[in-house]
Amino acid sequence: EAGVAQSPRYKIIEKRQSVAFWCNPISGHATLYWYQQILGQGPKLLIQFQNNGVVDDSQLPKDRFSAERLKGVDSTLKIQPAKLEDSAVYLCASSLGSGGAYPQYFGPGTRLTVL
Amino acid sequence: GNSVTQMEGPVTLSEEAFLTINCTYTATGYPSLFWYVQYPGEGLQLLLKATKADDKGSNKGFEATYRKETTSFHLEKGSVQVSDSAVYFCALPKGDDKIIFGKGTRLHILP
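If you're matching them up, the sequences are chains A and B in order.
The end of the first sequence is residue 115 by our numbering, with every number in the run present.
The end of the second sequence is residue 111 by our numbering, with every number in the run present.
Hints in this document: simulated from the structure, not taken from any laboratory.
Careful, some of the hints might be misleading.
[Stated by the list, open to error] Pair ranges (Cβ atoms, derived):
| hint | chain 1 | residue 1 | chain 2 | residue 2 | range |
| --- | --- | --- | --- | --- | --- |
| 1 | A | Leu84 | B | Leu46 | 26 to 36 Å |
| 2 | A | Ser18 | B | Glu76 | 38 to 48 Å |
| 3 | A | Leu96 | B | Ala53 | 23 to 33 Å |
| 4 | A | Gln41 | B | Lys68 | 24 to 34 Å |
| 5 | A | Gly28 | B | Ala17 | 32 to 42 Å |
| 6 | A | Ala30 | B | Lys68 | 27 to 37 Å |
| 7 | B | Thr5 | A | Ala2 | 34 to 44 Å |
| 8 | A | Gly40 | B | Gly1 | 18 to 28 Å |
| 9 | A | Ala2 | B | Lys60 | 16 to 26 Å |
| 10 | B | Lys68 | A | Gln17 | 18 to 28 Å |
| 11 | A | Leu96 | B | His108 | 29 to 39 Å |
Quick caveat: nothing in here was measured; it's all calculated off a predicted structure.
Don't be surprised by glycine CBs; every beta carbon is placed ideally from N, CA and C.
Next up, chain B with everything else stripped away, as it sits in the complex (with noise of 0.2 Å):
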């Protein structure tokens, strides 16, 4: 079945550095991947979707790029904010239905 697995975190930058998480999915097909980020106090939001491979997802300066070749959805962003201190996690679709999550990575950012 479908599954997702992601960098462990926490994952500590300092303010204005690159980030990458990493995130590689196993999947029937080609299903839509996602990243949800879950700032703190609050509900996942979604951040950004690619819907077939080779397609990048982007959003408030983040970026993944669907990769067949690599089954991977990897997270970027150039140069990170205070603001961007979340947990941030991989999910794709299950069956028809179903969304399912990856275990979350806990991203700090240091002024």
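The following block holds chain A by itself, in its conformation from the complex (with noise of 0.2 Å):
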């Protein structure tokens, strides 16, 4: 079974520049997270879709963070523009419901780097 894929795996830009990034889920799975992981702590849950719609949204910065899963399967995740404190490991999750009877599978992470 191919677990869930990332790309790019690193990415380095300037302050105020933009950044996307993308996830393909494990197939089938109906929820899919995004994370937001700084040097030293644990993920910090960004958003979260159901199918294409979106559940949790609470903790995105929607001035400058946007996150998009058309057709209920792949998803982008955009910055513009990024700052500094941006930079951190982005990581998609992906399971096939929500809460804690379905373990999440993670995929590698986007690295990103803001200079």
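Build the complex from these two chains, which are given one at a time in their own frames, with help from the hints.
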């Protein structure tokens, strides 16, 4: 079974530039998550999709971050414009359903460095 | 609300040493509890879980017992290997549809 795919693996940009990350979840997984993991911390949920609808985006800085999951499969996360404090690893995860009964499967992450 | 606290790292041990990484939680009711592991350069993977009080989760030689009396879910392994070097995250559900993670404990195993 193929895992969660993410690209790119690494990205270096200057502040105020834009960047986009892509995620392809495990086939059949209805729930998709984007997390931000700052160095030395645990993952922080940014946004959660159930199929192509947003379940929770309360922690997403909507003035600069946006995400979509058209057709309920792949997802993209965009930052525009980037700030220095956005430097982090962005993790995508998927699960069959939501909540504690369903384990989340994580992709390898995209490491973003903002200079 | 639900929260989890785990011991700060890094933890450095010699190969074949006994490992304990402490995790305590605050929760309404008795939610499932999880340990995730993140190997260098990879995403998080579910290591083990326990779904109710007194359950013991186990995988790859690691164990954790869900203890409601002490609200703890400590991760243990009897004899660690260099390949166990990773970051370990304790986690539990928050609400019906989210999981929250501890800050992570980095483990270094020396040959």
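Against the structure, the hints come out as follows:
no.	hint	result
1	Leu84(A) <-> Leu46(B): 26 to 36 Å	holds (33 Å)
2	Ser18(A) <-> Glu76(B): 38 to 48 Å	holds (46 Å)
3	Leu96(A) <-> Ala53(B): 23 to 33 Å	holds (25 Å)
4	Gln41(A) <-> Lys68(B): 24 to 34 Å	holds (27 Å)
5	Gly28(A) <-> Ala17(B): 32 to 42 Å	holds (41 Å)
6	Ala30(A) <-> Lys68(B): 27 to 37 Å	holds (31 Å)
7	Thr5(B) <-> Ala2(A): 34 to 44 Å	holds (35 Å)
8	Gly40(A) <-> Gly1(B): 18 to 28 Å	holds (23 Å)
9	Ala2(A) <-> Lys60(B): 16 to 26 Å	holds (22 Å)
10	Lys68(B) <-> Gln17(A): 18 to 28 Å	violated (49 Å)
11	Leu96(A) <-> His108(B): 29 to 39 Å	holds (34 Å)
Hint 10 alone, counting from the list given before, is not met by this structure.
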